[in-house]
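Visitor: This is what each chain is made of:
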Amino acid sequence: MDALVQNFSYYKDLVLVLTAKEIKVKYKNSLLGYVWSVLNPLCLAVVFYFAFKFVMKVPVENFTLFLISGLFPWQWFSTSVNASITALLGNASLVKKVSFPRYFIPLATVLNDTFHFVVSLPIVFGFVVFYKVHLTAAWVYGIPLLMVSQFFMTYGCALAVSALNLFFRDLERLVMIGLTVLFYMTPIIYDMSLVPEGFRQYFLLNPLFGIIEGWHSLFLRGHVDWGLYLVSLLQSLVIFGVGFALFKKLSWKFAEVL
Amino acid sequence: MKEPVIVFDGVTKTYPYYGYITAGLKMFLFNLPEAINHTKKSFTALREISFEVCGGECFGVVGNNGAGKSTLLGLAAGALKPDKGTIEIKGRVSPLLELGAGFHPELTGRENIVLNGVLLGMTRKRVVRKMDEIIGFSELEEFIDQPLRTYSSGMVTRLGFSVIAHLDPEILLVDEVLAVGDINFQKKCMDKIMGFRANGVTMVLVSHSLDQVQRLCDRAMWIDHHEIRAIGEPAAVCQAYQGG
Ligand SMILES: Nc1ncnc2c1ncn2[C@@H]1O[C@H](COP(=O)(O)OP(=O)(O)OP(=O)(O)O)[C@@H](O)[C@H]1O
Ligand SMILES: [Mg+2]
Chain W
1 MDALVQNFSY YKDLVLVLTA KEIKVKYKNS LLGYVWSVLN PLCLAVVFYF
51 AFKFVMKVPV ENFTLFLISG LFPWQWFSTS VNASITALLG NASLVKKVSF
101 PRYFIPLATV LNDTFHFVVS LPIVFGFVVF YKVHLTAAWV YGIPLLMVSQ
151 FFMTYGCALA VSALNLFFRD LERLVMIGLT VLFYMTPIIY DMSLVPEGFR
201 QYFLLNPLFG IIEGWHSLFL RGHVDWGLYL VSLLQSLVIF GVGFALFKKL
251 SWKFAEVL
Chain L
1001 MKEPVIVFDG VTKTYPYYGY ITAGLKMFLF NLPEAINHTK KSFTALREIS
1051 FEVCGGECFG VVGNNGAGKS TLLGLAAGAL KPDKGTIEIK GRVSPLLELG
1101 AGFHPELTGR ENIVLNGVLL GMTRKRVVRK MDEIIGFSEL EEFIDQPLRT
1151 YSSGMVTRLG FSVIAHLDPE ILLVDEVLAV GDINFQKKCM DKIMGFRANG
1201 VTMVLVSHSL DQVQRLCDRA MWIDHHEIRA IGEPAAVCQA YQGG
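Residue numbers (the working numbering), protein chains in the order written: chain W, 1 to 258; chain L, 1001 to 1244.
Each statement offered as a hint is correct.
Keeping only pairs whose Cα atoms sit at most 20 Å apart, straight-line, the calculated EDC-like set for lysine to aspartate or glutamate is: (1) W:K28 with L:D1145; (2) L:K1188 with L:E1098; (3) W:K26 with L:E1106; (4) L:K1081 with W:E256.
If you want the footprint, here are the derived chain L segments under chain W, 3+ residues with CB under 8 Å: (5) 1073-1083; (6) 1107-1115.
Short, incomplete list of chain L residues facing chain W, as computed with Cβ under 7 Å: (7) G1024; (8) L1025; (9) A1101; (10) H1104.
Hints in this document: simulated from the structure, not taken from any laboratory.
Even for Gly, the Cβ is constructed at its ideal location relative to N, Cα and C.
This is chain L alone, in the form it adopts within the complex:
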């Protein structure tokens, strides 16, 4: 087995209750004692999570809504900080927590490609060099110089995935973004993901499609109520998850 590139060791993540504060300064000051008490309490989104993902592996994560999957990816991406435990990441992480992060409706498709590409870690030069390829992949040539607000939602996700498809990732974190576009485009996405896999990209895949997890992943993990319930063979994990 290859060496591990993602290591979670006893990671706990809690979200403080910021309700009193984010309601505004006025609320906060007028309810000071309660507010201070309130911020001390917190909600545990992940409890004592330990697992490893090896280089080149495709690792699936399944679980109910609110189980903590997105929080897990947020931690791996470095957008969140754990309260307890350590997280070790070796390699460049491309967090695909959402297609088209940073897209702006007033900009054209072309301008959004540059913006999104750079935000996802490419240099501007590289995006410009790949521009034609990206536009070709999205099959949106006709609309590429129109503002994004005129696109259908499927077209927006297509554009978003096309940028991702031309990244050069080492570690890819994917949060429920694979079921995009029409049938044809879904197949194209699948092929691309398979291509990444074949090239030895490490992937962590959060998905509600158990079928997808079984088809794509080498190993899978089931998170239930903020804790790991099962980890191992995708088929076995998915069966356990389905069984409750």
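Just chain W, same shape as in the assembly:
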């Protein structure tokens, strides 16, 4: 028992320093780093607004807020998965020469982007207030709940991608294509009401669908859609389980292929 507590506090330190490293390295300690992490989704929002509202005039209410509330969570997911491609390769000296649970390496990558998502939330709040959508009590538990679901989904993908990339070094291209497909197959730049009726049920196959729709209903309508949430949580846990099992299975080989 004592050893367990000791191990836990050591692992906590380990995750902490690895994540702090990621954060520090990414932004070299400058405040400007914060600007960069919110600038990307904001720019995307402006571009999509121009293309879809100004030019194509899609009939979505509150389109700016709609874009914002989908793009920030998307940014968290996509940058995590992107960074996890090279997470193990970039830490080759650690994997080969120090022994600690390897799944902490992609964990630090995902936590880094989780941190940036959390600090960019005030920007989303700003938009919500600006567009006079009511802030409700549901936010207090809705945000952490949705984050838990998205975290497991993201971490599961990051584990799988980082491990597989050691064996198939050209996985990067595939992941890029996959992310692009996923982006357009998720209702981030269009609303579900625009999707043909008979096709809507297929969206449930996309594990990001429930999460993004969850963020929409929280930020735009101020409530948690419980049915959808539970489905998305289940999907996230399955993806996490598969990713973790795959990572575990391959992790003995990491030091051999690096």
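Once you've looked at the hints, dock chain L with the ligands against the given chain W.
Guide: The following block gives chain L with the ligands in isolation, referenced to the frame of chain W:
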């Protein structure tokens, strides 16, 4: 004699040929039959290795490049898994397979000390408590808040060794890291290693300096072409190794 803390029993380690796979998914799929055949073949890096290291002993390992010494330490550290045989380790292992594992060039010396210290098994609190001592040992006070990329390579290894010097190891695995820094610092490192030895730390030392092995070790092992050629008195083993 004390009881053994590291026991290798008939350990064989092979590396599969992953060439076709690591070249990428495309290569793998387009050359599927060959690729599958290829992954079945493997390269033997260590064959039927059996030896014991007792508590408090300093055990030297010598051998030509590619003989399998680093693989041996990787196995002892738990970074690699043997294909055959068993490995038994009793105690906390500090694998020093490389100085400054995990150092990042963009972080400052101080930040790297914390990172490296925790990676090597210290808690954060302990590293912070020892910080001044570590910086003092490295004699890099002036540069400690500069990013590591501005350090000379000797300064980086100095910093790396300074962290190690403040670990509290039970079993230390050292892979060719003792010849670091200038003459003064080398002497300091030697003193520290001697200090560990005096405190009863078990050490496995891979080195190409036969002089060092004879001076530091109680016993030594010569690995040649992935097999043990000689094991015993350091002087005798080194002589055999030199003789070919
Ligand atoms: N990841 C790997 N994949 C395939 N073969 C490997 C791998 N690592 C090492 N080898 C092979 O295993 C053998 C032993 O390598 P090892 O690094 O243990 O040698 P060494 O004794 O430490 O040599 P040196 O004195 O140069 O450090 C070498 O022939 C090398 O080609
Ligand atoms: Mg070596």
